[in-house]
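Protein chains: 2
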Amino acid sequence: MEHIYFSKQKNKLILLDQRYLPLKEEWFECSDTKDVVYALQEMVVRGAPAIGVSAAYGCVLAAMEVQSINDWQKALNIKTRQIAESRPTAANLAWAVKAMTDAIKDKYFASSLEMADFWLEQALEIHAQDIRINKIMGGYGADLLNDGDTVMTHCNAGALATGGYGTALGVVRAAVEQGKKIRVIANETRPFLQGARLTAYELVRDGIDVVVACDNACAHLMQKGLVDKVIVGADRIAANGDVANKIGTYGVALAADRHGIPFYVAAPFSTFDREVLSGDLIPIENRTPDEVRFINNVSILPQGVEVYNFAFDITPAELITGIITEKGILKKPFERSIAENR
Amino acid sequence: MEHIYFSKQKNKLILLDQRYLPLKEEWFECSDTKDVVYALQEMVVRGAPAIGVSAAYGCVLAAMEVQSINDWQKALNIKTRQIAESRPTAANLAWAVKAMTDAIKDKYFASSLEMADFWLEQALEIHAQDIRINKIMGGYGADLLNDGDTVMTHCNAGALATGGYGTALGVVRAAVEQGKKIRVIANETRPFLQGARLTAYELVRDGIDVVVACDNACAHLMQKGLVDKVIVGADRIAANGDVANKIGTYGVALAADRHGIPFYVAAPFSTFDREVLSGDLIPIENRTPDEVRFINNVSILPQGVEVYNFAFDITPAELITGIITEKGILKKPFERSIAENR
Chain A
1 MEHIYFSKQK
11 NKLILLDQRY
21 LPLKEEWFEC
31 SDTKDVVYAL
41 QEMVVRGAPA
51 IGVSAAYGCV
61 LAAMEVQSIN
71 DWQKALNIKT
81 RQIAESRPTA
91 ANLAWAVKAM
101 TDAIKDKYFA
111 SSLEMADFWL
121 EQALEIHAQD
131 IRINKIMGGY
141 GADLLNDGDT
151 VMTHCNAGAL
161 ATGGYGTALG
171 VVRAAVEQGK
181 KIRVIANETR
191 PFLQGARLTA
201 YELVRDGIDV
211 VVACDNACAH
221 LMQKGLVDKV
231 IVGADRIAAN
241 GDVANKIGTY
251 GVALAADRHG
261 IPFYVAAPFS
271 TFDREVLSGD
281 LIPIENRTPD
291 EVRFINNVSI
301 LPQGVEVYNF
311 AFDITPAELI
321 TGIITEKGIL
331 KKPFERSIAE
341 NR
Chain B
1001 MEHIYFSKQK
1011 NKLILLDQRY
1021 LPLKEEWFEC
1031 SDTKDVVYAL
1041 QEMVVRGAPA
1051 IGVSAAYGCV
1061 LAAMEVQSIN
1071 DWQKALNIKT
1081 RQIAESRPTA
1091 ANLAWAVKAM
1101 TDAIKDKYFA
1111 SSLEMADFWL
1121 EQALEIHAQD
1131 IRINKIMGGY
1141 GADLLNDGDT
1151 VMTHCNAGAL
1161 ATGGYGTALG
1171 VVRAAVEQGK
1181 KIRVIANETR
1191 PFLQGARLTA
1201 YELVRDGIDV
1211 VVACDNACAH
1221 LMQKGLVDKV
1231 IVGADRIAAN
1241 GDVANKIGTY
1251 GVALAADRHG
1261 IPFYVAAPFS
1271 TFDREVLSGD
1281 LIPIENRTPD
1291 EVRFINNVSI
1301 LPQGVEVYNF
1311 AFDITPAELI
1321 TGIITEKGIL
1331 KKPFERSIAE
1341 NR
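The listed protein sequences derive, respectively, from chains A and B.
The opening position of the first sequence corresponds to residue 1 in my numbering, with each subsequent residue numbered one higher.
The opening position of the second sequence corresponds to residue 1001 in my numbering, with each subsequent residue numbered one higher.
Read the hints as simulated data drawn from the structure, not as lab findings.
Be aware that one or more of the hints could be misleading.
Footprint (simulated), chain A over chain B, 3 or more residues, beta carbon under 8 Å [as the list claims (entries may be wrong)]:
#1 1130-1139
#2 1163-1177
#3 1190-1204
#4 1208-1222
Every value quoted in this text rests on a predicted model; they were computed, and no experiment measured them.
In this text, a Cβ means the ideal position worked out from N, Cα and C, and glycines have one as well.
Based on the provided sequences and hints, a complete structural model is requested.
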């Protein structure tokens, strides 16, 4: 699914606007850094790997934008930092911007436009690599699924959250490609409803069996024996294997643990942050209360009521059965398996 | 809060329509059994004790309705059974209809209207008793709360779920009346949003501090140390202490257990069903997918996607710290404490 692409004709980053799916398929055009930061912060595009890919293209726009500035290197530095800092939790964001800046180390460019050309190739490669990696992860992960399994997933860790194939849903796709019949339970994922809107949307498109339930149903669905495995994505993974992912993931992991259901995280190495030793040190984004308060522009709350809207939570490593990566399935103790695979 | 009352002038049961709160304060008028069944099934009124009180008044309307029928006792029997069977999970529904029919055993009525007069007195007493019992429970429960506590609650177990004071929120109200400062975290409670719409509404009205969060945030809020106690209501309690309550309660209990947070259930004895030995035998209502699919009349899902909409779940007795009743706090082993208090 091509939902992120760079138009050379328009010199724009073009994103399928995830705020309006599945009702409308609208495209959001980014002309400059400001647009990219807006698209990331307002979740026109979301999902850690997709954020990384978009940020890489964003750097290209930043380089184009500074062309008429005298000290363009300094101006560019400020702009790429704005992109890197637009959201706090996803590791792939800083990773992608660093990958872009690392690529130009020891290289000379006569102008920012020349650098932009070079960076566009880099961004395209980061994008292509993300899809390749997802498919490799999918292959490893698919071996964990049996024909007939029902997989619960939380949020959207699919094509729309990545360069175009998916981490958690990539595993499902690969299993289906192996000929296995897989059913997905998509938790709706309030407040942004990524599960109901996005996971259901892309699985329906692919003809994969999907059923949606409210987030608060997850423990009961396990209680009823309706869930064989859980697979989720990740926004950042600490050195000890603690996982920051969409708010609610931790609750799903607790319920899976209670019912003896394997709980897998699927994430590329760009999601690992080895400098963060444990999950409690990962910054958790606190978003606007209005995301909870308004649904389809109608308030569900009495006026003036306070709201908590933490966007992520931390699932402790001990609740995780395995982490599906492009180098295979990492097992406990994660400190060691993460350290050994870099 | 008077949200259920019988108008003698109109011969109607009048209900504050909970489907439209907090946006609109509309009143729904029930003229006959059909209206009452509709109001219960469509959740014009909901909450186990409020369902019981409404059903009692509904029996009065049923008795009025059969006045011109020759074999009115038989016709009435059919109508009261329709009320009792309108929803499957809440124990208070069958309890209230049984209390009404028990009250006329060995009594002679010349007409159904004579019986309706007698029943109206019974229904008013069931209603008044519910409020009295809630206040007694509130007194017992309030002693469990410390000044400054933050109490998480799920769904609405407040004035709107009862005759007018509340079970879980009755405990909070009683603690506040004791002069304690209590903060409530209301889980929004998808799909009907009882927490966001109803719990927040009535606490704001009473000037009690309330903050709303999405259901999937509950484990993270505990992880952050923001929750001191959990108090929820119940729809049916089995003989072994397993509790059927609004979908999501079980997940909250699992998270509370993990974080060592006391988890209390507040419910009158009319919610206990001693004939049901354990929670897995309690029927769980499976409601229309449209409740999940549409929010404010807009679909959040791609067309044709299947939905799970189980309305309740079962919290195993072992996860419950205590059950707050009108006879005091029941402790483990619940088999014994429930059997001893009848």
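Quick rundown of the hints versus the structure:
no. : hint      : result
1   : 1130-1139 : violated (count 0)
2   : 1163-1177 : violated (count 0)
3   : 1190-1204 : holds (count 8)
4   : 1208-1222 : holds (count 12)
Violated hints, in rising order: 1 and 2; the structure is consistent with all others.
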